[in-house]
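Novice: Taken in sequence, the protein lines are chains A and B.
For the first sequence, the positions run 1 to 319 when the numbering used here is used.
For the second sequence, the positions run 1 to 530 when the numbering used here is used.
By construction, these hints were calculated from the structure, which means they are not laboratory data.
As the structure is a computational prediction, the values presented were derived from the model and not from experiment.
Incorrect hints may have been included.
[As the list claims (entries may be wrong)] Here chain A is said to cover these stretches of chain B; the calculated rule only asks that three of the stretch's residues, wherever they fall, bring their Cβ under 8 Å from a Cβ of chain A:
(1) 5-12
(2) 104-112
(3) 296-308
[Claimed, not checked] Below, computed lysine-lysine pairings styled on DSSO-like, alpha-carbon distance capped at 30 Å:
(4) Lys-513/B <-> Lys-444/B
(5) Lys-52/B <-> Lys-40/A
(6) Lys-513/B <-> Lys-8/B
(7) Lys-513/B <-> Lys-88/A
(8) Lys-8/B <-> Lys-287/B
(9) Lys-140/B <-> Lys-252/B
[What the hints assert, rightly or not] Chain A regions said to be covered by chain B (calculated; three or more residues, Cβ under 8 Å):
(10) 128-135
(11) 146-157
Beta carbons are placed, not taken as given, at the ideal position from N, Cα and C, and that holds for glycine.
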Amino acid sequence: MQIFKNPNFDFVGWRWPALGLSLVVIGIGLFLMLTRGVQKGVDFEGGTIVIVHFHEDPDLARIQGALPDATVQRYGTPETRNVMIRVKRTGEEQGTDLSREVDQVLSRLREANVGAFDETPVGTKIVGPVVGEQLRRQGMWATVLALGGILIYIALRFQFSFAVGAVVAVIHDLLVTLTFLTIFGYDLTLNVVAALLTITGYSVNDTIVVFDRVRENLRLMRRDNLPHIINVAVNQTLGRTVITSGTTVLAVLSLYLFGGDVLRGMAFTLLVGVLSGTYSTVFIAATIAIIFQGRKPLKGQAAPAASASARPSRRRAVS
Amino acid sequence: MNKNLRWKIVTIVTVFVVFFASGVYPMLASRYGLPAPAWLQAQQLKLGLDLKGGVHLVLRVHTDDALRIFSTTSSEQLREALRNAGVNVAGITLDSPTVFRVEGVPADRDAEFRRIADEQVSANFDRSSSAGGTYTFRMKPNIEADMREQTVVQARETIDRRVNELGVAEPNIARYGQSQDQIMVELPGVSEVERAKEIIGRTAQLELKIVEAGPAPSREALLQASGGQVPDDQEVVTGAGDGGTSYYLVRKVAAVTGADLRGASPTIDENNRPAVRFLLTGDGARKFGRVTGENVGRMLAIILDGRVQSAPRIESRITDEGRITGSFTSQEVADLALVLRSGALPASMSYLEQEAVGPSLGAASIRSGVLASLVGLSLVVLFMLSFYKLSGINAIVAMVFNLVILVGLMAYLGAAMTLPGIAGFVLTMGIGVDSNVLIFERIKEELAAQRGVRASINAGFGRVFLTLLDTHVASLIAAAFLFQFGTGPIRGFATTLSIGLITNLFTSIFVSKTLFEMALARRQSPGISI
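Same shape as in the complex, but just chain A (with noise of 0.2 Å):
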C-alpha cells in the first residue's frame, strides 16, 4: 500500500499561509500565556498533593466547600474512589515541617464531615519553594542547551541555515504544543517538560530526514534552485513522514488514553507535538531554512552562473 503515488505538492509555494497560520496559532497562544499565564504544577511552583482514599463514593463537591483554595479532582478511575487535592502551600522548609499542609487538609476534611477515608493518605507529594525554583531553572537550561547541541550538531553536519531552519521548527513545535497545553488547561509538571524535550528530539529527527534527502539531492541537481530541491527532497520523504508520525501518534494515543491521570499531560503533550513536529517538518523548518540562506550559494553546490559576485562557497564533501 502507498500513501502518495508519486507526490508533487507544492509545499514550499504554500508557505507563506503556513508561516502565516503558525504564527496565529503561537500568537494566541503566547497572549493566553502572557495574560492567564502558564499554569505550573507543584513541581515548580511548590506546593502538597494529597491523594485520599475514600471509603464510600466522595462527593467533589462538598470536599471542595470545605477546601475553598484548593483545587480538587478525582483520581484515578471511579471505582478506586481516590481524590486529589492541591494546594499551593507548602509548610515550612524547616525541620520536618514542610509537610504540615497534609495534616491541615485531612483535619480540614474530618471538620467538614465529607465522609469517612484512610488517615493515612494513598498518595502525598510536597515540593518546597527552594525546590521548585530549582527546577524550574534547570528544566529551563535543559530545553536550550538541548536546542544548542542540536544547533551545533546540525550546522556541522548540513547547512548553517538548515540548522537555523530545524532549530526554528523544533521551537515552533515547543510553542505550539505550549499554547494547546494552555488552552486546554494543562499544568507544566516534570513529566510535561520531559515531554517537551522528547518532542525536541522528535521534531528535530523528523526535519534531518528531510534535510537529509536535501543533501543528497543537492548533489544530483546541482543547477536547480534551492527552494526546488527541498520541495522534491519533502515530497519524496512525505510517505514516510506521514508513516512514522501516524506510527507514533497510535503508540502515543494508547498512552494517552489508558496511561492513567499520571501520565495523562506527558501524553497530550507528546500528541501535540508528534503532530505539530510533523507540520513544521513539511512547512517550517525548509521554509526557514531558505530564507535564511536567501541567494547565498550552499556548501556543495556550484554558485549558480547569475550571482558571480557571491564568494565561492568552500567546498566540502557531503554526507
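Place chain B on chain A using the hints.
Specialist: Just chain B now, kept in the frame of chain A:
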C-alpha cells in the same frame, strides 16, 4: 544459505536469548511462577518508587551548623589558652558561623596574644586586627569549603546507617541537585513517611553535662545566684519540667557526647517506663568516670538535640553505661536508640521535598502502564501490517527485538523502570519503527526505479544508514540533557529513551536486513512484499 548469513542469524538469536533471559523472562517467571534460578531473579528489572511505592525525600544539610560548632570550639580553645597564659581579654564573640572576634586585648600583651592566637587557631583562621585591641578571626576559604563538603558527606553516611538500621531494602541515598548541600533519599516500600522523616532528619546530638544551677522555672530565677549573668564557661538549656519549661545552667563542655557511645538499646526504667540504655566506649567511660567521680551529689543533664531530657543526681561514680529516661513511648525509644546507635548528624537538616507513593497507587500505575503498552503495541502492529504487508512482519520483529533488548539491558544495567519510563517504552515502539519505515520507503523507491530486488534492498539499507545515524545522534543529544535535568522518574524516561535509540540502530539495520536476506535466500525467483 551462505556462511555469512548463518553467522548473522546465530548472532541475532544469541543476542535475543541473552536479553530475553535477563529482562523479560524473570518478569514472566515471577508473575506466573515459572522456574528461574535465584541469580536470574535477583537480576530482575528494578521498579522505580512511583511503581513500587515508597518515599522520596530531599533534604538540605545546614552546613552552617557544623561551621558554627567548629568556630565555637576554636574560640573556646583560644580562650582557655589565653587564660592559662594570664592574658585577660574583654570578650570573645561569634559574629557568624565562620567569624569570631576577640575584644579588648591589652596593649602591653599584644605580642603575646598574637603568639598564642597563631599557635591555637592560625591553621584554620585568618587573623586581622583593628583599633582598640580588637581581633577578627575569619575561617580560611579552603577550610570552610572542605568542612561544608565533609559535613554533607558525613550526613550522607549517617543517613545511610540509619536507613540500614531501619531495614529498608535497596535504598538510594545520594547527593542531589547542583547546590552542594542537598541529599536525596529514596526508600522503596516504605509508607510511613513522617516516621521515616523523623528518624532520618533527627540530629540526635547527645550531650551529658554537669548541672551548675537549676532546675528553675524561669531564666531570671535561674540566674539570680550568678547576678543575672551567664558565666563564660556555662550555658542555659531548657527541658520539660513539672508544669512547664525548666531552666538549667550547665557547663559548656560536655562530660561525654554521642561520639563516645558504643551502643544504645531500648530498655525500661525503675518505673517500668520505656527508656534507652547506652554503653560508652573505653575512652568515653574513662572521661565519664572521672567527671562523675568528681561530681557525686550533683545533677547530670542528659541533653538531646539541645533539650534536657532528664537530669538525674549522680549517686556514685559511673563508668561505662547510662540510661536516658523521660516520657517516651516504646516506639520513640526504639527510634531514639536507633539514631543514637547510628551516630549524630554533623548538622541539622530540613526537608525541601517529599513524595510518598502508596502501594495501591503504584499497582494502579503498573496496570495502566502495561495496558497502554499492549494497546500501543497492537495498534502499531496492525498499522505496519496493513501498510507493508509481509515486510511489516520484518519491522514488527525488529521492534519486538528492540523492546526485548531494551528491557534486558535496563535490567542488566540496574536502571529502574518508572511510569514515565513506560511512556518512553511506548514511545520507543512508535518512533522505533521509523527506522524501518525509512528503509522500506527507500526500498520502494529503488524498486520503482526498476532495480532488482536484491539491489533495491542493499541500496535502501545503504543509503539510509547515515540518515539514521544523524537522527539518532540528534535525539540522543536531547535525551542526554533530559537525563541531566531530571531525577528519579524522569531519569527513568531518559534512560529508556536513550537505550531504546541505541538498540534501535542495531535492530533496524542489522536484524531487519538479515531478515530480508533470509527471505531472499529461500526463494528461487526473488520477489518482495512491501
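Novice: Confirm or reject each hint.
Specialist: Consistency of the hints with the structure:
1. 5-12: violated (count 0)
2. 104-112: It is violated: at least three residues are needed, and the stretch 104-112 of chain B offers just 0 whose Cβ sits closer than 8 Å to chain A.
3. 296-308: violated (count 0)
4. Lys-513/B <-> Lys-444/B: holds (15 Å)
5. Lys-52/B <-> Lys-40/A: Roughly 27 Å separates the two Cα atoms, so the pair holds.
6. Lys-513/B <-> Lys-8/B: holds (10 Å)
7. Lys-513/B <-> Lys-88/A: Violated, at roughly 55 Å.
8. Lys-8/B <-> Lys-287/B: Not satisfied, since the Cα-Cα distance of roughly 74 Å exceeds 30 Å.
9. Lys-140/B <-> Lys-252/B: holds (26 Å)
10. 128-135: holds (count 4)
11. 146-157: This one holds; 6 residues, not fewer than the three required, reach chain B with a Cβ under 8 Å.
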